[in-house]
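Undergrad: Okay, here's what each chain looks like letter by letter:
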Amino acid sequence: MINELSRRRFLSQAGIGVSAAWVSAHWPEMVSAATHAHQAAQSGAAYKFEFFTPAEAVEIDALSARIIPTDDTPGAREAGVLYFIDRALVTFGSGDQQKYRDGLVELQSAVPAKFPGVEKFSALAPEQQDELLHTIETNQTEKAPRRRRLNSGQTFLEALRVATISGFLIDPEADLGNRGGVGWKLIGREPAHSFQPPFGYYDKDYPGWQPAPKMADKG
Amino acid sequence: MKVEQPKYKTSDEVDFVIIGSGAAGGILAKELSTNGFRVVVLEQGPYLTEADYTHNEIKVLGEDLLTNHPKLQPTTFRKTPQDKAKQQRALVYGRSVGGTSVHFTANFWRFHEIDFIERGKVGAIPGANLVDWPIRYADLEPYYTKVEWEIGVSGLAGASPFDPPRSKPYPMPPLPVKSSGVIFERAAQKLGWNPFPAPMAILSQPRPGRSACMNCGFCLSFGCEVGAKSSSLVAAIRVAEKTGRCEIRPDSYVHRIETDARGRAIGAAYFNKDKNTHLQKAKAVIVCANGAETPRLLLMSANAQFPNGLANNSSGVVGKNLMLNSGAISLGVFEHPLNDYKGFAVSRILHDFYELDAQKVGFCGGGGLDARFDATPIGFALNSLPPDTPKWGSAFKKTLAQNYTRTMEVFSHATSLAREDNSFSLDPDLKDAWGLPALRMTYKDHPDDLKVAKWLNDRALELLDAAGATKKWSYPIVEQEFAVHLLGTCRMGADPKTSVINSDHRTHDVKNLFLCDGSSFVTSGRGQPTMTIEALAFRAADRITALAKSGEISA
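Chains as they are written, first to last, in our numbering: chain A, 1 to 219; chain B, 1 to 555.
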């Protein structure tokens, strides 16, 4: 059963699954990771990664760009998700370091297996990257019932997906957020904290509450 | 915003020590201090105020700014008493001054007559411990009215043909309608149902020291920075503090109620912020720690006189008969933007199915439907997209971008039948950060609870169809393993053998020990317990005041 609060507390709930600790266990440092992504974005100097090697960073960047691609609107790349994840893996997400290291190695070995002659995921064309990810997804994940909880036992790719979405949609206020607020712009969330009705299309011309026509009969 | 308070010494025998500052504790503090008594409120969480609240998802949802912390206070869960419990987060409750009333949705439904007399009406239900309350709706009606006027509830009296009788209208009009509310209302009326403006404990008009709702949208799970949400902090505790007789003592984690040789409570032992233990002496103890922590505290207070836990000698039901409220959620996507992230959670509800004919539907129970949206952005992306949406890639992104402003939910809130096996108890192995036994939850829904959830959810799907949703789906209806509403674990009753407190909220076994919170419930209601917790608290305050003034408590 889904409970009123638990489902909204998806992140705390994720703590039930060991690997979902990625987002849930150490949120405070997530703030720091997001701030880090901002700073990385703002500084013109070459970025010094804290967890990833430069080569790994290229792969993570390519992967997260397939999760939330850049098309006619900004994606994970423009939101600085890579830097967010790099910071996370030396702070609150450090428990996932091995998962990332192993996952990257496994992924790289899958590349030439499917596309002989190509060594790196990042060297594939986007369509090929998607094709490979679909293959891995089909092999690895079972269709779990969709509930308002994250499933435990996340794979590397599932952990990366949660991290990418978090880095993309995190509250941009007070320097915490997705770079330039691109995530919230995409979903259409205005950053203001006070609104006046009408809020949306359907309450625009609302004439005021009237009892249901049948009400009189029902007594 | 904090008001000067008296500082009592722990050795001062105050009139009442109240454990917990939430929906019930806050109101009892206000009423008893107003009535001239000296009161100390011990709250395990910090004293946070409007200035400390934030819209930051990370701090609130991730760091448990306002709620119990799974690392400091780990819990375990099992389905039946035969199972070995596994460590998992089993419940959430408010853990700051004001308790859960700080971050709740603020849906404020009164119970109806049926909630007090359902057993008498439908008879015994196999596998359920369904009994009637020792009080009736009419006994609580004046106190429901008191809650609405003193705490601040927005709503429209007479709007629902299913409403129980009321002595006064609401003190202020309903909150504005949201797009989800308009969609819900039109579709429900098309189906011949009776939607109406949701009664909410959120101000539609300002009150002294409190703003009307600004429609910020960070409502459920968040504290209100403008005092519009009627938490017990802004609506009751501030009044208590002004009497000059009430001390709110935060960061005070009560772990034991001490008794004397006569078997009477002498005070509450608690850890302060530095984990030093103190004993606050009092003439009487009132536990308002919620439906999980209240029974836990009684069980932890076991001694030679009360080997099964305090106030548990006669009945042995402390912690048992837990009810969580059944329910279901369906989501719908619409053509145009609702922007339902603005505002508050709920603007329209319906009670057509509050009382179902058990003979006709084949189960005992009923419930209400509400129209809402309350997902935070990351949560929405992870959990609120249609199940056939790709999990990543441009199609995922497109659906996310399209749906966030166009999605709403129909939430079915329903009954839970009490079962003696469903309980909060002390975990035999796991300890919290203070070395105290962790809470262990045992829970398996009665089959009727799942049936009522399914039945109501079918109505919710009909409604979304009638509303013209371009897409609709539901979360699976499965047995609950996580508790938000914590009800029934120290139930009220006339018979000391089957209940823990009498209708004055006095424990049958300890004369100067009172319990008032969700644990007092005999039935679950239809999913919105806080209004009734507060009405019970106002009523308990009257009963306890009368007993104290007649010298009956100390006699």
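A hint or two may mislead.
[Said to hold, decoys possible] Sample of chain A residues at the chain B side, in silico, Cβ under 10 Å:
1. Leu132
2. Glu137
3. Gly183
4. Phe195
Note that these hints are calculated values from the structure, not bench results. These figures come from a predicted structure and were not determined experimentally. Backbone N, C-alpha and C fix where the C-beta goes; we use that ideal spot for every residue, glycine too.
Undergrad: Against this structure, judge whether each hint is valid.
TA: Structure-based check of each hint:
At its closest, the beta carbon of Leu132(A) sits 12 Å from a beta carbon of chain B; the interface hint therefore is violated under the 10 Å criterion. Interface restraint check: Glu137(A) against chain B, minimum CB-CB distance 8 Å, threshold 10 Å, status holds. Because the smallest distance between the Cβ of Gly183(A) and any Cβ of chain B comes to about 7 Å, under 10 Å, the interface hint for this residue holds. Hint status for Phe195(A) relative to chain B: holds, with the closest Cβ pair at about 4 Å, below 10 Å.
Hint 1 from the list above is the single one not met by this structure.
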